[in-house]
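Student: Sequence:
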Amino acid sequence: MRTRHELIARDALHRDRRRKQRLRRDELRKLFLGKEPHGRSPSRRIWQCGPDRWSRKRGPHGRYHLLAQLRAALEGDLDRVANCVSVRGFVNATPEFLDHPKVVNGASELFVSVFGEAGRHARTAIGAGGLPYGVAVEVDAVFAVAK
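Going by the numbering used here, the final residue of the sequence shown carries number 149, and the count climbs one at a time with no gaps.
Hints listed in this document are in silico derivations from the structure and should not be mistaken for laboratory results. Check before you lean on any hint, since a few could be wrong.
What the hints assert, rightly or not - Label pairs and their calculated CB-CB ranges:
1. Glu77 with Leu100: 32 to 42 Å
2. Asp54 with Ala148: 42 to 52 Å
3. Glu111 with Asp81: 12 to 22 Å
4. Ala70 with Pro134: 28 to 38 Å
5. Glu98 with Gly136: 12 to 22 Å
6. Thr126 with Tyr66: 14 to 24 Å
7. Val114 with Ala148: 13 to 23 Å
Glycine included, every Cβ here is placed at the ideal spot set by N, Cα and C.
Throw the hints in and build the complete structure from the sequences for me.
Tutor: Take a look at the structure:
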């Protein structure tokens, strides 16, 4: 006879399997990308956005690297992108800084300009007290791609 804990664990596993199966039923594959600096040793300089320390000119490089990472993952075939599902941006900011969405807008604008309507997505912009290597912004994205 099984114990109560074994039955609960079995039921939880069964529910979990059903949930995962439902999430995987589609004709598209989801591709998860994240971008932060690569090939660099941790910097002693910390880039942090603040009310007097932010410029739209400073942030474009990361979004282009994310697009390049997507292109490499798809072996150069960006036409396989069905749509951009979501984008999350983490902004290394001081407590007084409240314009996190403006910082992440660049990535959203790029995906819409490259993919048109398929580039529209759900988006989250989060303020963080620190990010790896002291970077100002880290962005990740989920794309649905054709097989």
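Student: Determine which of the earlier numbered hints do not hold for this structure and return their numbers in increasing order.
Tutor: 4
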